[in-house]
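Between the sequences and the hints, there should be enough to build the whole structure, so can you do that?
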Amino acid sequence: MADDKTNAAAYWKANVRLITGCLIVWAFVSYGCAMLFRPLLSGIPIGGTDLGFWFAQQGSILTFIVLIFFYAWKMNRLDQKFGLGE
Amino acid sequence: MSQFAINLLFVGASFALYIGIAIWARAGSTKDFYVAGGGVHPITNGMATAADWMSAASFISMAGLISVGYVNSTFLMGWTGGYVILAMLLAPYLRKFGKFTVPDFIGDRFYSKTARVVAVICLIIASVTYVIGQMTGAGVAFSRFLEVPSSVGIWIAAGIVFLYAVFGGMKGITYTQVAQYIVLIIAYTIPAVFIALQLTGNPIPMFGMFSTHTESGVPLLAKLDEVVHALGFRDYTADVDNKLNMVLFTLSLMIGTAGLPHVIIRFFTVPKVADARWSAGWALVFIALLYLTAPAVASMARLNLLTTVYPEMAGQVQDYEEAAANPILYEERPDWIRTWEETGLITFTDHNNDGRIQMYNDANPAFEPLAAERGWEGNELTVNNDILVLANPEIANLPGWVIGLIAAGGIAAALSTAAGLLLAISSAISHDLIKNTINPGISEKGEMLAARISMGGAILLATYLGLNPPGFAAQVVALAFGLAAASLFPVLMMGIFSTRMNSKGAICGMLAGLISTLLYIFTYLGWFFIPGTNMLPNTEPNWLLGISPLSFGAIGAMINFAVAFAVSSVTEEPPQEIQDLVESVRYPKGAGLAVDH
Numbered sequence: 001m002a003d004d005k006t007n008a009a010a011y012w013k014a015n016v017r018l019i020t021g022c023l024i025v026w027a028f029v030s031y032g033c034a035m036l037f038r039p040l041l042s043g044i045p046i047g048g049t050d051l052g053f054w055f056a057q058q059g060s061i062l063t064f065i066v067l068i069f070f071y072a073w074k075m076n077r078l079d080q081k082f083g084l085g086e
Numbered sequence: 087m088s089q090f091a092i093n094l095l096f097v098g099a100s101f102a103l104y105i106g107i108a109i110w111a112r113a114g115s116t117k118d119f120y121v122a123g124g125g126v127h128p129i130t131n132g133m134a135t136a137a138d139w140m141s142a143a144s145f146i147s148m149a150g151l152i153s154v155g156y157v158n159s160t161f162l163m164g165w166t167g168g169y170v171i172l173a174m175l176l177a178p179y180l181r182k183f184g185k186f187t188v189p190d191f192i193g194d195r196f197y198s199k200t201a202r203v204v205a206v207i208c209l210i211i212a213s214v215t216y217v218i219g220q221m222t223g224a225g226v227a228f229s230r231f232l233e234v235p236s237s238v239g240i241w242i243a244a245g246i247v248f249l250y251a252v253f254g255g256m257k258g259i260t261y262t263q264v265a266q267y268i269v270l271i272i273a274y275t276i277p278a279v280f281i282a283l284q285l286t287g288n289p290i291p292m293f294g295m296f297s298t299h300t301e302s303g304v305p306l307l308a309k310l311d312e313v314v315h316a317l318g319f320r321d322y323t324a325d326v327d328n329k330l331n332m333v334l335f336t337l338s339l340m341i342g343t344a345g346l347p348h349v350i351i352r353f354f355t356v357p358k359v360a361d362a363r364w365s366a367g368w369a370l371v372f373i374a375l376l377y378l379t380a381p382a383v384a385s386m387a388r389l390n391l392l393t394t395v396y397p398e399m400a401g402q403v404q405d406y407e408e409a410a411a412n413p414i415l416y417e418e419r420p421d422w423i424r425t426w427e428e429t430g431l432i433t434f435t436d437h438n439n440d441g442r443i444q445m446y447n448d449a450n451p452a453f454e455p456l457a458a459e460r461g462w463e464g465n466e467l468t469v470n471n472d473i474l475v476l477a478n479p480e481i482a483n484l485p486g487w488v489i490g491l492i493a494a495g496g497i498a499a500a501l502s503t504a505a506g507l508l509l510a511i512s513s514a515i516s517h518d519l520i521k522n523t524i525n526p527g528i529s530e531k532g533e534m535l536a537a538r539i540s541m542g543g544a545i546l547l548a549t550y551l552g553l554n555p556p557g558f559a560a561q562v563v564a565l566a567f568g569l570a571a572a573s574l575f576p577v578l579m580m581g582i583f584s585t586r587m588n589s590k591g592a593i594c595g596m597l598a599g600l601i602s603t604l605l606y607i608f609t610y611l612g613w614f615f616i617p618g619t620n621m622l623p624n625t626e627p628n629w630l631l632g633i634s635p636l637s638f639g640a641i642g643a644m645i646n647f648a649v650a651f652a653v654s655s656v657t658e659e660p661p662q663e664i665q666d667l668v669e670s671v672r673y674p675k676g677a678g679l680a681v682d683h
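Residue numbers (my numbering), protein chains in the order written: chain A, 1 to 86; chain B, 87 to 683.
By construction, these hints were calculated from the structure, which means they are not laboratory data.
Heads up, some of the hints might be wrong.
Said to hold, decoys possible - Here are the simulated SDA-like pairs of lysine to any residue, each with C-alpha atoms no more than 25 Å apart in a straight line: (1) B:Lys675 - A:Ala8; (2) B:Lys182 - A:Phe69; (3) B:Lys117 - B:Gln662; (4) B:Lys117 - B:Ile105; (5) B:Lys329 - A:Gly43; (6) B:Lys590 - B:Lys675; (7) B:Lys185 - A:Trp12; (8) B:Lys358 - A:Ile65.
Fair warning: this is a prediction, and the values are worked out from it, not measured in the lab.
Okay, here's the thing in C-alpha cells:
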C-alpha cells in the first residue's frame, strides 16, 4: 500500500511537471510572442508583416494543437510506466 | 432553378439528415441520454465538440470581427487556447470521475448540496444567456436565406432540435453534431479557397494570407495596411498600447472556454481517460480548420471590399492620393452589393452628392482635414460585419449551390451549439436538481422522463427568449464567458489539484468570483444590463487600470482562487473519503481507491 502511494505520488508529480512545462510554452507563444514580446520580434519579417502578428493569427493555434497531442502522448507513456493506465 | 429553391434544397437535405440520425440514435437509458452511452470514439467526439463549440457567431460574424485587425486576434487565441487548459487541467480527471454533469463533480467533491446548487445556478445563467444568441442566430440565418420571418425560423429551428434532442439526448446530439460539423466546415472552406485563389493564387487560405497579392505584387498584408491607411483606418497589423487588457481579455476567453459546461460534458462521452486527452486534441484540430481560415477570410474579404470601392487601389499604386480620388460610381456597383443592399446589411448614402461611393474612417479626427480636402463629407457605405462571410460566394462569382451550402452551414452552426447548451441545462435540472437534490429515490425510468421533459422545457424557454430577446442580448455572451471563467473554472481546477480545498473555501470562492465579476460588468453596462443604470461610462479612461468589463473574468477567477484558499486554510480539512476521491480522479486506473459510481 505504501509503495502504491509513493508510486501514485510520483506519477502525479510527473504529470504536474509535464503540465507546467506545456503551459509555459502555451503562455510563451500566446501572451509572449503574440502580445507582450511582439515589439521585440518586429524585426523578423514574415509575409508582409512581423512574426508577432503571425503568432497571433496562426502560430499560437498551431502550437496549441502540438501541445495537446504531445501531452496526450507523453501521459500515455506515464500511465504505462507507473502502471496506472486503464 | 432559383436561388431560393437551391437554398431550400440544401437546408431541407441537411434537416432530413439530422432527422434520420435522430431516428437512428434514440436514447435507451439515462447513460445514453446524458453521455451518449459513454462509448463515443475520440475523433468522433472531437468533431462533435468542434460543432458544439463553434456557434452561429463563429461561423457568420467572427471573420468580420477579426477584420478589424491585429487587436481582435484575441478571439482567435482565446477561443482555441482554452482547449490546452481543458486537456491538461480538467477533461481527463472529470472523465475519470465518471459522472454525468459538471455540478455532479462540484457537489460530490465539495460534499455539499449548497455547492451543487450554486454550480447549477452558475451553469444555468451561463448556458441560458448563451443559448439566446444561438436561437436568434438561427432565426437570422433562416430569414436571410429562406425568405421566412425570423420568428418562423426560430420555431423551425426549435422543432428540429426538439426531434433529436428530446428523443436522442446526448446520443442524438453527438451524431447530429458530427454531421453539422461536416456541413459547416465545407460551407466555410469552399468560398475561402476561391477568394484566396483570386487574390493570391494560393488555394490554401492560411498560406495565401501570408503570400503575395497577385494584382499588386505586394505581400497581401502589406497591401492591406497601405489601403486601410490611405482611408484613415488603423493599420491592419498595427500593435496595440493596452497590452494588459489584451492579455486579460484573452485569458478570460481561454479559461471561460475551459469552464463552459456544454463543452466539458462532451468529454464525458468517451470510453477512457486517455481518450479524453486525445479527444481534446482532435477537437482543436477540427476547430483550427475554421479558426485558421477565418483570419484569411477576414483580411482578404476586407481588402477585396475596399478595392471594389476603389478599383485603382488594387494594382501597383504610386500615389494613394490619386487612387483615392476615383471610387466607383454608385450606378456601376457590382451585383452583390445590390443584392445585399436589399437585406439592409449594406447601406449607401451619398453625403456629398457626387454619385460615387466614398468609404473611409470618418470617426478618425486626424484624418478629417484630408477627407475635407478630398471633398468627402462622411463615410457613405455602411457594411455589416457578417457580409464578409455571407457575401463571399457572390463576390467570388461562385455558383448558386455554394450560397445554398452557406445557408445550411450557418444553420448547422447555430443548431449544433444550441443543442449542446440545451443538454447542459436540462441535465443540470433533471440530474442535479431533481435526482440529486429534491427526489433521490426517483427511478431510472422516472429520471429519463424528467430529463426529456426538462429538455422540452429548456427548448421552449430558449425559443421564447429567442423570439423576445432581452435588450442585453448582445452583452450576454461576454457574461457567459466571464461567469464560467470566474465561477466554474477555478472551482473545478481546485477540486482536482488541491486535496486540501474544502466546501467552505469552494463556495466562498465561487460566490466571490461570481459577484465581483457581475459587479464590475454592471458598473459599466448597467445593473442587470438596464440601459442608463451604469455608474460609470463604458470607456477606456474609466476602466480600472484599463481593464474592460469583458476582460474581468480573469480577475474574477483570481479573486475566486484567493478567497477559496484563504477561507479553506482557516477552516477544517475535508473528510478522508473526499481526499481519497481527489486522489482517485488523478489516476486513470482506480484500483484500490473507492469511487462511488
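Structure-based check of all given hints:
1. B:Lys675 - A:Ala8: holds, 10 Å
2. B:Lys182 - A:Phe69: holds, 19 Å
3. B:Lys117 - B:Gln662: Distance ~29 Å between Lys117 of chain B and Gln662 of chain B Cα, so the pair is violated.
4. B:Lys117 - B:Ile105: Satisfied, since the Cα-Cα distance of roughly 21 Å is no more than 25 Å.
5. B:Lys329 - A:Gly43: holds, 19 Å
6. B:Lys590 - B:Lys675: Not OK: Lys590 of chain B and Lys675 of chain B at ~29 Å, beyond 25 Å, violated.
7. B:Lys185 - A:Trp12: Between Lys185 of chain B and Trp12 of chain A the Cα gap is close to 22 Å, so the pair holds against 25 Å.
8. B:Lys358 - A:Ile65: Holds - the C-alpha atoms of Ile65 of chain A and Lys358 of chain B are around 20 Å apart, at most 25 Å.
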